[in-house]
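Residue numbers (full-length UniProt numbering), protein chains in the order written: chain A, 1 to 253; chain B, 1 to 303.
Hints should not be assumed to be uniformly reliable.
To be verified - Straight-line distance between alpha carbons at most 27 angstroms, and here's what the computed BS3-like set of lysine-lysine pairs gives:
1) Lys57(B) - Lys240(B)
2) Lys67(B) - Lys78(A)
3) Lys63(B) - Lys204(B)
4) Lys249(A) - Lys119(B)
5) Lys67(B) - Lys192(A)
6) Lys204(B) - Lys78(A)
7) Lys240(B) - Lys78(A)
8) Lys57(B) - Lys147(B)
9) Lys147(B) - Lys67(B)
10) Lys122(B) - Lys249(A)
11) Lys82(B) - Lys147(B)
12) Lys78(A) - Lys232(B)
13) Lys78(A) - Lys249(A)
14) Lys78(A) - Lys57(B)
15) Lys249(A) - Lys67(B)
16) Lys82(B) - Lys122(B)
17) Lys249(A) - Lys82(B)
18) Lys119(B) - Lys82(B)
19) Lys78(A) - Lys147(B)
20) Lys122(B) - Lys63(B)
None of these hints come from the bench; they were simulated from the model.
Letter by letter, the chains look like this.
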Amino acid sequence: MTLLAVERIKLFSTRSPWWCMLLALGLTVGITAIIAGNWNEGPMPVLGAVFAHTFGLYVVMVMAALAVTTEYRFGTIKATFQAVPDRISPMVAKAAVVTALAALVGLAAGFGSWGLSWLLAGDTSQLALESANDWRHVAGVGLVYGAGALLALGVGALVRQTAGAVSIILVFALVLESVVGLIPNIGDDIQKWMPFTVASKFIMGDPDQGGMPADAGPPTVGALSPWGSFGYFVAIAVAMFVISLVVVKRRDA
Amino acid sequence: MIEAIGLTKRYGNTVAVDDLSFTVEPGRVTGFLGPNGAGKSTTMRMILGLDRPSAGKVLIDGKPYAKLDRPLRTVGALLDAKWVHPNRSARAHLQWLAKSNGIPQRRVDEVLDVVGLTKVAKRRAGGFSLGMSQRLGIAGALLGDPKVLLFDEPVNGLDPEGILWIRRFMQGLAAEGRTVLVSSHLLSEMALTAQDLVVIGRGKLISQSTTTEFVERSTENTVRVRSPHADKLGAMLVDKGFTVREDGEGVLIVSGATSDQVGEVAAGGGLVLHELSPQRGSLEEAFMQLTGDSVEYHAETGK
Ligand SMILES: Nc1ncnc2c1ncn2[C@@H]1O[C@H](COP(=O)(O)OP(=O)(O)OP(=O)(O)O)[C@@H](O)[C@H]1O
Ligand SMILES: [Mg+2]
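Make the full structure from the sequences, and use the hints.
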């Protein structure tokens, strides 16, 4: 418990987490506002309101990576491990704080986007949250942000450098997962199992009411059900984090 | 008490610390002395469990660091004053440290007061001068009122006032019965601060003794000779088993010999001398001689 408080003090006694959180929220909600304001292809579906969630996801992941890479950058990781030499418990505490925070930002982004769409869209007849799937589209953003943050924290702890960790995350999410689909024959099958593609299926997959127009963004693909997709994404995040714990424990601080 | 037993650390092919054994006693300031790259910081990181020894171990009051319960209450350390997040206030930095080891928050204000940073406690640590950062680091080391304190080159870059303050401060801590280990590459500084000395070079132990003993033993007298035939004279002195060092154009510093002996050798070779004077060696010279073979990076000395 005290270690949670320690990580909370650490996170909030510097400014960058605040900026990241604001940016994640502002970017997602702001882009959604533009989408909603310009929606003129019939009633706006719930999916349209959360379509922009990926922008905030990347920012939240950068925040999570920073939470650990700045500790390496400024040497405070040494003070941390001096204070708690088992190393695992402060890392787990950090993960708990960062993941919870990211999930909160995700919930705010999801519901904020949805609420703003409600205000701005011309036809809101399909925007009500009436089914479990509708709720998943919106509240799921919180879950994906949380899991994404854990994944990013693991990458950050492994790489230890801000620039390295951030580029790995962004290049993977923004470039690699799309490019991989271009490989002849097997590309599509590999892409189906890429973590961010799968995570997006959890948010966007199996809508009850109107889906996205065919030309709006990449299609949701994947062999798993939406919740199965989330499980898969979480498993990858946890695996990455556990690997980082093993490495952090063995490596010189 | 700190006990290093056969402590060894290899980074790839570099052996940073090589089978090092020493003890640091409570109630005294122990200087940890060695030239740049001797392995002082590496040893201190191993004491704190930050680096894993390649072999050997180091114990604090009989236990490895990782086995200490709430270690900041037993061991306080200042390894690098820059290990603070620059955008965090001095107080916030100490607050999270205190919290992590169940140290009451009022202790934060106490240590800020001890090091004289109360007025700037809310300022971001990144804007601190070197002296202020050093004081913040010391405040962090003192937080848990620890019995054992480690300081890595605490006076580096400080002005004379800051140096004096730190020196008195360490002596005060030792007088309270604490174990204090302070590293430095300056023997003159350690001669003023430390009662005991652990001297290392290239990761190996060179000597462990009291400072007085070390200074007496190592500041042996030398003889300065100036001669137009310095090269020839040097060779003859080396043949006789004396240690000879060149000290500029035509000048030799001979250790282990009296001026009589040097004069006789010169006369034996029929060599002209322009100067022959016995010298009381300086501390730094003695230290350089002692660690001379073990300095990792030799500066090119002028020909
Ligand atoms: N993390 C590391 N990786 C590789 N080599 C290292 C590492 N840390 C130290 N070394 C090497 O180990 C040796 C000892 O370094 P160390 O910093 O312990 O010396 P030092 O006595 O503290 O020197 P200084 O007086 O310059 O602070 C040096 O050769 C250094 O290059
Ligand atoms: Mg050093």
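27 angstroms Cα cutoff - pair Lys82(B), Lys122(B) | Holds: Lys82(B) and Lys122(B) sit about 17 angstroms apart, inside 27 angstroms.
If you draw a straight line from the CA of Lys249(A) to the CA of Lys119(B), is it 27 angstroms or shorter?
-> violated (38 angstroms)
Proposed proximity, Lys78(A) with Lys67(B) (alpha carbon, max 27 angstroms) | Holds - the C-alpha atoms of Lys78(A) and Lys67(B) are around 17 angstroms apart, at most 27 angstroms.
Under the criterion that the straight-line Cα-Cα distance not exceed 27 angstroms, is the pair Lys78(A), Lys57(B) satisfied?
-> holds (19 angstroms)
Given hint Lys204(B) paired with Lys63(B) - CA-CA distance at most 27 angstroms | holds (23 angstroms)
Does Lys67(B) lie within 27 angstroms of Lys249(A) when you go C-alpha to C-alpha?
-> Given that 27 angstroms is the threshold and the Cα spacing comes to 15 angstroms, the pair holds.
Compare the distance between the alpha carbons of Lys204(B) and Lys78(A) with 27 angstroms, and conclude whether the hinted pair is satisfied.
-> holds (25 angstroms)
Sort out whether Lys147(B) lies within 27 angstroms of Lys82(B), counting only the CA atoms.
-> holds (24 angstroms)
Are the Cα positions of Lys78(A) and Lys147(B) separated by 27 angstroms at most?
-> holds (20 angstroms)
Is the hinted pair Lys147(B) and Lys67(B) satisfied, with a Cα-Cα distance of at most 27 angstroms?
-> holds (16 angstroms)
For the pair we were handed, Lys57(B) and Lys240(B), check the Cα-Cα distance against 27 angstroms.
-> Between Lys57(B) and Lys240(B) the Cα gap is close to 43 angstroms, so the pair fails against 27 angstroms, i.e. violated.
Restraint check for Lys122(B) with Lys249(A), where alpha carbons must lie at most 27 angstroms apart | violated (33 angstroms)
Checked against the numbered hints above, the structure violates hints 1, 4, 5, 7, 10, 12 and 20; every other hint is satisfied.
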